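Chains as they are written, first to last, in full-length UniProt numbering: chain R, 1 to 541; chain S, 1 to 321; chain D, 1 to 303.
Treat the hints as calculated values from the structure; they're not laboratory data. Model, not experiment: these values are computed from the prediction. Ideal Cβ positions, reconstructed from N, Cα and C, are used throughout, including at glycine. Any given hint could be a false lead.
Computed spacing ranges between beta-carbons, pair by pair [said to hold, decoys possible]: (1) A355/R to L99/S: 28 to 34 Å; (2) Q458/R to D132/D: 26 to 32 Å; (3) W17/S to G201/D: 43 to 49 Å; (4) G201/D to V66/S: 51 to 57 Å; (5) E58/D to A355/R: 50 to 56 Å; (6) R208/R to D76/S: 42 to 48 Å; (7) A111/S to G201/D: 52 to 58 Å.
Next come the chains, spelled out residue by residue.
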Amino acid sequence: MKNAFRRLALPVWLPVGIAAFGNVAAAQELGERVPDLQIAYYAADMGPMYEQSARVLSEEWSKLGLTFRMQPVQFSTFISNIMVGGGLEDMAVFTVGADPDRVDPTYWLHDLGACGARRNGAKWCDEAYSAKVREQREMVDQTQRIAAVKQAQQHFYDTMPWWPATNTVYGMVWNSDKWENVTSPAPVAAHEGLIDPWLSAKPKTDDRWFDWAHYEDVTTYNPLAEEGAVGWLRFVYDTFAKNNSKGETIPWAAASWEFTEPTNVKITLRQGMTFHDGEAVTADDAVFTINKVVELQPPAMSSRIANLAGAEKVDDLTFNIKLKTPDASFVTTVLPYAFILPEHLWANYEGDMVARDVVADGVAIGSGPFRFKTWRINEIHELETFKEHFQAPGYDGVRRLALGQADAIRSAMLSGTGDIATMVLPVAAMSDLATQNNHLDFLEIPSHGSMLVWLNNQKAPFTDPAFRKAMRVATSKERAAVEGWLGFAVPAGEGPVPKQLGMWYNADLPEITFDIEAARAALEQAGYGWDAQGRLHYPKK
Amino acid sequence: MRAYILRRLAQSVLVIWAVTTIMFFMFRVMPADPTAILLERGLSDEARNALLEQWGLTGSLWDQYVAYLGNLLVGDFGSSFLYRKPVWEVLTPLIINTLWIAVPGLLLGAALGAAIGTAVGWARRGGKLERTGIFLATVIRGVPNFVIGIALLTVFSSTLGWFPGFGMGDPGQNVGFARYFTLDFLHHLALPLIAVIIYFMPENLLLMRSGVVENRTEDYIELVRAKGVSQGRVAWHAARNSMLPLITWLFPALAETIAGIVVIEIVFSWPGVGRELVLAVTRQDYPVAQAAFFLLAVMIVLANLAADLVYGKLDPRVVYK
Amino acid sequence: MNQPSSPDAAAIRGRSLLGAMGQSLRLLTTDSFAVVGLAVLLLFVVIAISAPWIAPYEPFKAMMTESGRLNRLAPPSSAHLLGTTSFGNDVLSQFLHGFRVALLVGLVAAVAVGLISTIFGVVSGYFGGYVDDVLMRITDVALSIPTLPFSIVAVALLGPSVENIILVITILFWRNGARIIRSAVLTERERVYVKWARAAGASHLHIIMRHILPNIVRVIFLWVTMSVAFAVLTEASLSFLGLGDPTVISWGQMLNTAFSSGNLRTAWWWVIPPSLALVLLVSSLYLIGRAYEEQTNPRLRRR
């Protein structure tokens with residue numbers, strides 16, 4: 001009983017005590033009270049991690065004498081209103097995913113930070129910085145580019161417009177009684193279309209179908225209309241390059257590529273490839289596809305193809321891709337993404353190619369390692385192995401079970417119906433499953449997916465760099481990782497670029513340690529002060 | 001009689017129009033943005049507008065509304081934003097899947113409920129059977145359907161391992177229509193079906209019991225009893241006359257229950273139309289969500305209409321005006 | 001009012017509304033099932049009121065082990081009587097706070113539903129004519145809205161908060177109540193003492209307040225009781241589908257978290273308490289409702 005009373009009394013006395021000890025500025029020397037701040041975060045339908053993270057982070061920040069209003073926002077609303085709509089009120093805590101194209105630093109430096117960049121929802125604009133991050137994009141020489149990228153990170157660090165709190169750790173759990181050589185795709189999440197673990201897995205039993213217990217359906221087999229940037233369709237349609245588990249971009253349908261000029265890439269196709277209907281893959285198909293894409297500008301592809309000017313054939317296996325401006329990120333962002341359509345099945349199509357129902361027309365045909373077999377909406381997809389492919393997997397096919405909920409996925413993994421699960425189940429739950437069941441193995445996938453803390457850089461108090469830095473010092477990355485993400489996230493490094501990006505990350509940025517007292521001291525130094533209730537006030541004007 | 005039917009029909013059409021309109025504006029004022037996923041990946045403004053235009057989301061709300069109604073009149077629900085194909089193609093297989101658990105589940109639930117309800121109603125008033133029956137039925141009626149699902153899954157799937165815990169069939173089985181006639185399908189069907197039966201039975205039971213209690217004191221029952229026929233036959237007479245309110249209640253209840261099966265579909269990962277509706281709402285796939293909603297509303301209206309007409313057919317006392 | 005003493009002054013004066021309410025509440029206590037239901041309900045109310053004091057922890061506080069790791073999915077122990085969730089929250093504390101949300105949503109929604117359906121039902125039934133036609137067409141439309149799908153769409157539209165959930169439930173359930181109350185009013189309206197009162201010059205308001213309402217109070221109570229149950233069920237279903245208010249903790253939400261984190265079948269200490277509480281609450285409401293039903297129709301006639 002006494003304990004209960006003390007627990008109740010503590011939150012009342014704590015701020016008063018702090019105010020009594022640390023208070024130097026008398027009330028009349030203070031400016032206005034810092035108003036309540038809104039924290040927007042992904043609503044619970046994206047998983048409870050965001051709510052939990054926002055809660056623990058704000059708990060620490062409120063020790064600076066701040067009060068917060070928690071505002072859950074649905075994913076789509078968050079994106080259109082806050083990320084690209086400029087509707088950030090005060091603060092946001094949210095994540096960006098570990099997409100394969102984000103292994104290039106441009107996304108982190110430019111897309112989320114440059115003046116006027118579409119996804120710069122923190123509304124920070126620094127012309128000198130923006131010029132730097134635009135320039136690095138055009139540096140085809142890598143050493144030079146790395147130096148520029150690191151310099152930009154330093155600039156960002158010194159200004160501190162926003163910061164990452166944690167890097168997401170993904171996971172996968174698979175049936176090790178039936179499958180071996182299931183390899184990690186880190187730092188990219190186990191997105192479909194990658195080599196690892198999808199193509200490298202090997203069956204140990206007669207069951208030679210790799211069953212992926214998944215949450216969602218695939219929505220189309222027409223790659224021109226596909227919304228997922230790196231989806232399942234890349235199994236059916238080959239791309240020019242692929243990302244491997246070392247984070248490198250390796251030759252795939254293209255045997256080699258070379259910048260002959262800053263805006264011209266010469267690409268040589270691999271020899272002996274065929275489409276699933278037996279026709280050979282030639283430079284004509286690649287040129288046809290790229291020119292069609294440039295002509296049609298399918299909305300779903302717009303972010304990746306915006307810089308493409310067109311393609312022209314050199315010989316049967318060689319062609320040139322023309323770029324509008326020099327683009328150093330072309331290799332990592334476009335080559336593993338752009339696909340090859342069979343010209344003979346598409347050239348004479350009269351209707352709207354983007355809207356074509358390729359399954360109904362029987363032309364879900366590419367040259368990829370798997371051939372389309374069946375699709376029952378919201379239930380199952382089956383792709384069978386295309387044996388003639390140069391990297392055909394050592395099993396008969398892959399199935400995607402659209403189970404729609406975590407409990408079914410868990411049950412599928414336990415019963416042996418599912419061979420691998422990578423999504424939906426929280427990583428902690430996957431890890432638990434593997435610990436409790438001998439036939440399941442678990443692998444952590446540390447990724448560059450990041451949870452970011454955004455501030456509205458155009459609104460007080462965030463217009464004050466001293467305030468931003470104090471908030472940064474009061475950000476408990478550790479608690480967010482442990483309590484928000486159940487330990488399946490790691491505290492992020494300094495600067496906007498995730499440290500998982502290896503050579504692109506500026507490891508020289510000094511680490512800022514979490515310290516509430518230091519943050520309060522910094523605020524005091526900048527002229528802020530606290531009233532008798534312990535609430536933070538602006539400096540006197 | 002004919003005039004009455006015509007008037008009721010006209011009324012039904014009006015009601016459907018009103019529901020459609022409410023629904024249309026609800027979806028359009030939704031603050032959500034169906035292009036969000038693409039935006040997050042860097043969709044440009046021009047491309048976004050092109051997409052919105054293609055989906056018929058540009059122009060004034062009124063124009064969109066008129067276009068929508070026009071399409072609806074010819075049975076065109078438009079195309080799914082997500083699947084990029086006609087909504088009909090997306091929904092038809094899912095509707096069939098839902099009917100597989102809904103129809104047998106509701107019929108069995110109603111039949112079982114009616115049978116037990118007759119027994120309870122015919123039992124001695126205030127006796128043990130009556131009191132237990134009423135108590136159990138009321139308690140079971142209070143179990144939310146997802147709790148029924150969770151309980152069934154935990155007991156029969158994870159603990160005993162008798163039934164599979166999700167989906168409609170093991171992968172790699174028959175495709176096409178033949179799949180509905182495999183043991184594998186029936187095996188998967190069992191648990192969700194039982195869940196629907198349990199969900200639907202108690203109300204039938206209580207209703208039937210009330211009807212029987214009401215009828216057993218009527219003169220004609222005494223008459224039948226006086227003829228010296230068996231207890232069972234007498235009970236049957238009382239039951240037959242209690243069917244009437246049950247049947248009229250059944251139609252709207254059927255429709256409403258089908259709409260409520262959403263939750264059971266989700267718990268059991270049953271690829272039905274209800275699950276698709278929930279997914280479509282979260283994915284901002286309005287055309288699919290609207291169509292599913294529309295079909296459910298039409299079903300309810302038709303059920304109410306049928307109930308009225310059947311009531312008149314069965315009960316000679318009703319005179320149509 | 002000065003009224004002629006014949007035919008019967010008392011009949012014309014009617015009954016007081018409060019008196020009728022008290023009487024019908026007293027009648028409840030004669031039904032043993034209803035007494036069980038009332039007892040459970042009372043217990044739930046007591047727990048709901050005292051939840052913040054008896055809950056051992058903050059419902060969202062993450063519990064840590066001594067080694068500084070999150071204390072996830074711990075089975076019941078003396079420190080955590082009902083164990084912990086996969087987020088290291090104390091199940092008992094969440095469970096106790098769930099009582100508040102369930103009853104808050106249930107009672108507020110039911111009162112709103114009761115009020116609206118009574119107004120609709122009485123106006124429609126008592127005045128008849130065009131008013132009745134218009135109001136009944138509106139209920140026709142409302143009745144054709146599929147309940148759960150509508151709430152899913154509406155909550156997704158308005159945003160998940162307790163207020164919006166209550167609003168949606170109110171929009172949904174007034175319609176059936178209006179129908180039932182209207183037909184009760186139709187019967188009462190034809191009673192002979194209403195005609196007398198009318199002939200004696202009583203105002204509409206007087207007749208409604210003293211003659212109609214006191215006699216249909218059981219029907220209203222029945223509907224309000226059922227509405228509490230429907231509201232609790234609807235809130236639980238929505239929360240279970242992930243459309244609950246994320247800033248409060250409800251039973252449906254606890255089950256949703258267990259379900260969406262894939263712990264449904266193992267963490268029994270996390271799943272059973274909210275399920276059981278839901279069943280108990282809704283069943284006891286139905287038991288009370290049933291007693292009203294028996295009262296309203298001695299012959300158990302429905303419709």
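Quick rundown of the hints versus the structure:
1. A355/R to L99/S: 28 to 34 Å: Cβ of A355/R to Cβ of L99/S: about 30 Å, so the range 28 to 34 Å holds.
2. Q458/R to D132/D: 26 to 32 Å: violated (58 Å)
3. W17/S to G201/D: 43 to 49 Å: Because 45 Å falls inside the window, the suggested range holds.
4. G201/D to V66/S: 51 to 57 Å: holds (54 Å)
5. E58/D to A355/R: 50 to 56 Å: holds (52 Å)
6. R208/R to D76/S: 42 to 48 Å: Holds, since R208/R and D76/S (Cβ atoms, about 43 Å apart) stay within the stated range.
7. A111/S to G201/D: 52 to 58 Å: holds (56 Å)
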